[in-house]
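For the sequence shown, full-length UniProt numbering assigns the number 1 to the initial residue and increments by one for each residue that follows.
Worth double-checking, as some hints may not be accurate.
Taking CB as the label site, the calculated pair distances span [unchecked claim]: (1) Q201 to T313: 43 to 49 Å; (2) N254 to G84: 21 to 27 Å; (3) I22 to Y160: 37 to 43 Å; (4) S320 to R116: 31 to 37 Å.
FYI, nobody ran anything at the bench for these hints, they're computed from the structure.
The beta-carbon is built from N, C-alpha and C at its ideal position, and this holds for glycine as well.
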Amino acid sequence: MSQQENRPILLEVNDLKVHFSIRDKKQWFWQPDKSLKAVDGVTLRLYEGETLGVVGESGCGKSTFARAIIGLVKSTGGTVSWLGRDLLGLNDKQWREIRSDIQMIFQDPLASLNPRMTIGDIIAEPLKTYNPKMPQSEVTDKVRKIMKRVGLLPNLVNRYPHEFSGGQCQRIGIARALILEPKLVICDEPVSALDVSIQAQVVNLLQELQREMGLSLIFIAHDLAVVKHISDRVLVMYLGHAVELGTYDEVYNNPIHPYTKALMSAVPVPDPDKEKSKSIQLLEGELPSPINPPSGCVFRTRCPLADEGCAKTKPLLEGSFKHAVSCLKADPL
């Protein structure tokens, strides 16, 4: 058993499903709605102090998966347990008790901030919501401290979001998420809208804050290099399914699922000689519709290893903590 497995389990997700009802304009009124399967049966565990990276193509269900965990999207099935407590059956009052422990950093830094509020009020809002009796002097003190912690000057507290750059706005979002001192922060593509140099600053800041505060992170991104830099384990998603899960070293250096292999082959290598000699595995065909996904293995329509059995049997995510894969053609782990 690894040292990481000895840590307490913060979050446990079992067979999580998020399906949306879709009404086609060409349907007759008596015909049933179609179902868009955004997330379809994801299972994993998140340990205390761990960073879980989530990668996959646009539209694979990464963000919907994260929002379902925190209750921003209603789940269709499965279970989500936080410290042993089922989250999916909570009412609004019960969710309020949990949300101070689970916070979120959103993808678009400027769009996630209220343009009519000063950044001091934006950062203080969670404190005032969850601790309404806290004296204003204490609120102000906490806001200034967290601003310093994320690299913002406290004397900017009365300025508005439009007066800041994208990187500074993301720091404001990070400060707002951390002011309640949560146990888990879900980062929904927090650096995708930023320049490369600013991306590195934000990722390094998150790592520093994680070490200081003992945070657990779920880090969603499509930039594989960023995910490798920050993650302890990596989850690869395709069409709402978890296709591979393991330590970053195993997933990046020993990918097993054909989809993961194709993703990793597209990552640039710093060594020019190795970059020239490596082979890129191209995926044929288009991403299937989540409204009408393929039977059996959802990746079979683009998989070079697929056969008739892949159309009949849906593979399960099998393996160990170190490395698990969902593929009928994969070598046993």
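So, going through the hints one by one against the coordinates:
1. Q201 to T313: 43 to 49 Å: holds (46 Å)
2. N254 to G84: 21 to 27 Å: violated (33 Å)
3. I22 to Y160: 37 to 43 Å: holds (39 Å)
4. S320 to R116: 31 to 37 Å: Violated: the Cβ-Cβ distance is about 51 Å, outside 31 to 37 Å.
Checked against the numbered hints above, the structure breaks hints 2, 4 and satisfies the rest.
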